[in-house]
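Colleague: Chain residues, written in single-letter form:
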Amino acid sequence: MSVVVRRTIPQIIVALVIVLMVVFYFFYINADVSKGFTTADKALSDWAIVITAIAAIVGGIDILRYHVNQIRKREKRQIVFSCVVIVMEIVMVLLACYALYSGIAITTQPNFQWLYTYLYAPADAAMYSILVFYIASASYRTFRARNPPAVLLLIVAIIVMLGNTSLGAMIWEGFLPLRDWIYNVPNTAAFRPITMGIGFGLIILGLRLIIGKETTWMGRRE
Amino acid sequence: MAKEEKRKPFGMAHVLYTLLIISVALPLLYPVGLPIGISSTTKDVYNYIENTLPAGSAVLVDLYYEMAARAELEPQAAAVVKHLFEKNCKLVFVSTVTYGPIVFELLKSTASDVFAGKEYGRDYVFLGYVAGNEPAVRSLAESIRGTVAADNYGNSITDYNKLPMMRNIDKAEDFKLVFIVSSGTDTFGWYVRQWYTAHNIPLLFGALSVIGPSIKPYVDAKQAIGMLTGQRSAAEYEVLVGRKGLGLAAMDAQSFAHALILIFIIIGNVVFFATRAKPKPKEVGKK
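First to last, the sequence lines map onto chains A and B.
Residues in the first sequence are numbered consecutively from 370, following our numbering.
Residues in the second sequence are numbered consecutively from 6, following our numbering.
Chain B extracted, bound-state conformation (with noise of 0.2 Å):
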């Protein structure tokens, strides 16, 4: 109770929520448009996909994150798709966790002009929620047609009247590239061990600025390709396609609120070093 008395009304922290929020707030609503300089990281993944990937390729797109993490890892999602989709690929969307169906309509609403003049079934097809974790993922490279029967809308993975793209695609031999844009850690590592390790099938990380550090290794080790991490590497490659995302428009709000915690850490060194600074009071009463 004591402790609730002497609470502040309005302490220094609450004063930098506040000032938080409105340097979150405001450049979301007025961006002030500060220019991006592009990480030699998401240079290396745009490369790739302009420099090495073959025109009209099978591409798998796994989808598994929760709309927690879609503010980082949908404008990913979206700049890569309209990159493979200008190269003509054909991407082959699935989920290894139960919110992709959603989040797949959802990108699908949201970057409705990435996917503008593409055809269901003939240069997409999602095949839905595939449950079974690391499993299902060795169980698609070896055979989407043995794994999955029909796709998220219900048509048949071999009525190749609706999906005609799928005759060809069967196994993972079948694609050139696989992108998972996860907010998981283990993720990476399921498609690591069956999909590269097992049938060298190259992969791009999509990934959450706090995942980063944890899957570089493998981009490192050339398990991966490369990986786009967090809203940042969304903007750059955004800027890269060409195309004004919510990655874009996020990172001035990003760079304000960066701004201000650091001037936060500043201010917290200074009282740290004042207080310290300050001759301790003789303690009364004892030898």
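Next up, chain A with everything else stripped away, as it sits in the complex (with noise of 0.2 Å):
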């Protein structure tokens, strides 16, 4: 393929769909036009709904593919793993095409909802709970008045720590009003030019893909 076909043109149509977007979002120039804008901005965002939900099912079979691959490469640790991956995509899968054909929503389906109410979402939270001890063991370890930046992170985690639970009421009723005044102002502070930023970092990726100087999206080069 040549490079005009690969790249160039792919570029093109990606900085032209971001010129619209943003004149179908920022500007107004009559009803009509408007009108027509609104159109093609609806028919662009469901193009990307579309996208989206093919890129679902392209998940899910690059995911077999994978562990098939790994089936076939005969790995000892990972084999058993990939097994459960299979089994289970497959299974899901099935009872997700008896669920059409019966007519039903698949979520409603008695034996998917089983295997994701009694297997998938123990599983899930589990995994989630598992952070508790982590965090517990890295506050013991890490919350140490090593310097005065560290006492005053101290200070605050105990403060918020109190002031979210009852316990903290209980001991001193200033500990939750102090708790929203720091979440209100110092937190604030600190996450507002953390948006910004992200804003300006946005406005800065859009711009270099329109001029084609953003290239990762395409993948690797070649």
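Among the hints, a few may not be true.
As the list claims (entries may be wrong) - Here are the simulated lysine to any residue pairs, SDA-like style, with alpha carbons at most 20 Å apart:
# : chain 1 : residue 1 : chain 2 : residue 2
1 : A       : LYS404    : B       : HIS204
2 : B       : LYS113    : A       : ALA490
3 : A       : LYS582    : A       : ILE378
4 : A       : LYS411    : B       : ARG198
5 : A       : LYS404    : B       : GLY151
6 : B       : LYS227    : A       : THR564
7 : B       : LYS48     : A       : PRO546
To be verified - Label pairs and their calculated CB-CB ranges:
#  : chain 1 : residue 1 : chain 2 : residue 2 : range
8  : A       : ALA495    : B       : LYS92     : 30 to 40 Å
9  : B       : ASN173    : A       : ALA424    : 31 to 41 Å
10 : A       : VAL427    : B       : VAL276    : 46 to 56 Å
11 : A       : PHE395    : B       : ALA226    : 14 to 24 Å
12 : A       : ALA514    : B       : ASN56     : 39 to 49 Å
13 : A       : LEU385    : B       : ILE26     : 53 to 63 Å
14 : A       : LEU385    : B       : ASN56     : 43 to 53 Å
15 : A       : ALA424    : B       : THR202    : 23 to 33 Å
16 : A       : PHE395    : B       : VAL20     : 29 to 39 Å
17 : B       : GLY16     : A       : TYR394    : 18 to 28 Å
18 : B       : VAL20     : A       : TYR470    : 52 to 62 Å
To be clear, the hints were calculated from the coordinates, so they are not data collected in a lab.
Don't be surprised by glycine CBs; every beta carbon is placed ideally from N, CA and C.
Two chains, each in its own frame: build the complex with the hints.
Modeller: Right, here's the structure in full:
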């Protein structure tokens, strides 16, 4: 494939779409133009939805392919997990297809729901719950008054922790308002520049895409 | 290998873990019922729904959380939905994450008291999972009928015999509030850009505790009417709406777990200062 087909045309399409989306979002010319823009804008949004839905299917196929390859390679440590993934994926897809065939919503299919509620949900919740041990252990080891900034962090952490619990209010009623103040003032002051920075970063990314400087979205360079 | 040999079979970390399990499990099994103060953030949300939101308004509820976040977010969602139903609001549930449909079914089953007496299609509708992330959110703002052909159960959105409430609900302007219950950070930004900035629709955030600080600037900038964060807010809201749910039940556990962690932080610091105060042994073999 020539460089024009492989790189230049996609870049032009992306730049064009960005410019159009910016125009749709920020400018109002007149009712007719706006209506035309809205229709085109809706079409673009719909395309994005369709692409995302197809990407989910592609993702499912890719996971299947990856784990089939793992089994083919006979990786001793991986093979059991790969088998579980493949079996579960096939079972879930089959149950979903059966639900569609029966004319009911996939999520209300009893077997599908059972597997999700009693197998996936507890496993996912357990994985997240393990975090509490890491957090507890980390806070015990790291919240040490080594220097003035660490002392400040320690004080703030204690106030927020006590403010978040009923126990804190029993010790001193001021913990909750103090926690709210920390949330509202220093926290917002710290996060607002971060949010603005992300915004500026996105603008720069958009500009780089328009002028064709940003090419990472096209995958590896050839 | 040498490190493994030296590792203690039951060190300080294991003591902490064991005590932590006990401090979480015991209050859940035997609730103490510690009193809960209401924070200004939660009070603001309650007051908005109670006093500012017109009765019978259409409200969009985006359930964007997975199982891991369910413990923190489901009690929030149930409490707020109860409040909205009490105000006879028409709720359009949607999910922009694949877990959404199951999460909605679980919400309905665990908060069956909230949905009791409410009729599907007349009082609430579930659109199901809508793929596409931010473009999907944008598309929903422009037209629900143009984005979703059928609800989660296969009923056509334009079948007004089955879904009569959808007759007058289609675009962002038909809603008086959007309640986003999300375990992610990006979701809130999508709605700020596509629903608040573009259509000036009030937003309400329901987030995890760890996400709270990062979305607070939106609330302070009045781009959202308020936010609920974590189990604490859920418990506070349950107190306000008079529903003894999972939020309240888990607050005792959270209180004891936090207290335990604080004790260990203090122990950690005492040990730190004690070891620092000790004179270092003189090194042998060096000048």
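Colleague: Now tell me, hint by hint, if it's right for this structure.
Modeller: Taking the hints in turn, this is what the structure says about them:
Using a Cα cut-off of 20 Å, the hinted pair A/LYS404 and B/HIS204 holds, with the two alpha carbons roughly 16 Å apart. Straight-line distance between C-alpha atoms of B/LYS113 and A/ALA490 comes to about 16 Å, which keeps the hinted pair within the 20 Å bound. Restraint check for A/LYS582 and A/ILE378: the C-alpha separation of about 14 Å stays at or below 20 Å, so the hint holds. Annotation: proposed proximity of A/LYS411 to B/ARG198 holds, straight-line Cα distance about 16 Å (limit 20 Å).
In summary, the hint linking A/LYS404 to B/GLY151 is supported, as the alpha carbons are separated by about 15 Å, within the 20 Å threshold. Between B/LYS227 and A/THR564 the alpha-carbon distance is near 15 Å, which keeps this suggested pair within the 20 Å criterion. Restraint check for B/LYS48 and A/PRO546: the C-alpha separation of about 12 Å stays at or below 20 Å, so the hint holds. A C-beta distance of roughly 37 Å is found between A/ALA495 and B/LYS92, which places it inside the suggested range of 30 to 40 Å.
Against the hinted window of 31 to 41 Å, the Cβ-Cβ separation of B/ASN173 and A/ALA424 comes to about 34 Å, which satisfies the hint. Checking the proposed 46 to 56 Å range against A/VAL427 and B/VAL276 shows it holds: the Cβ atoms sit about 53 Å from each other. Look at A/PHE395 against B/ALA226: about 19 Å separates their beta carbons, and that is inside 14 to 24 Å. A hinted range of 39 to 49 Å for the beta carbons of A/ALA514 and B/ASN56 is consistent with their spacing of about 45 Å.
Restraint check, A/LEU385 to B/ILE26: a C-beta distance of roughly 57 Å satisfies the suggested window 53 to 63 Å. A hinted range of 43 to 53 Å holds for the C-beta pair A/LEU385 and B/ASN56, which are about 48 Å apart. At about 27 Å, the beta-carbon gap between A/ALA424 and B/THR202 stays in the expected band of 23 to 33 Å. A hinted range of 29 to 39 Å for the beta carbons of A/PHE395 and B/VAL20 is inconsistent with their spacing of about 59 Å.
At roughly 57 Å, the beta carbons of B/GLY16 and A/TYR394 sit outside the given window of 18 to 28 Å. The hinted range of 52 to 62 Å is satisfied by B/VAL20 and A/TYR470, whose Cβ atoms lie roughly 55 Å apart.
The structure fails hints 16, 17 (numbered hints given earlier, in ascending order).
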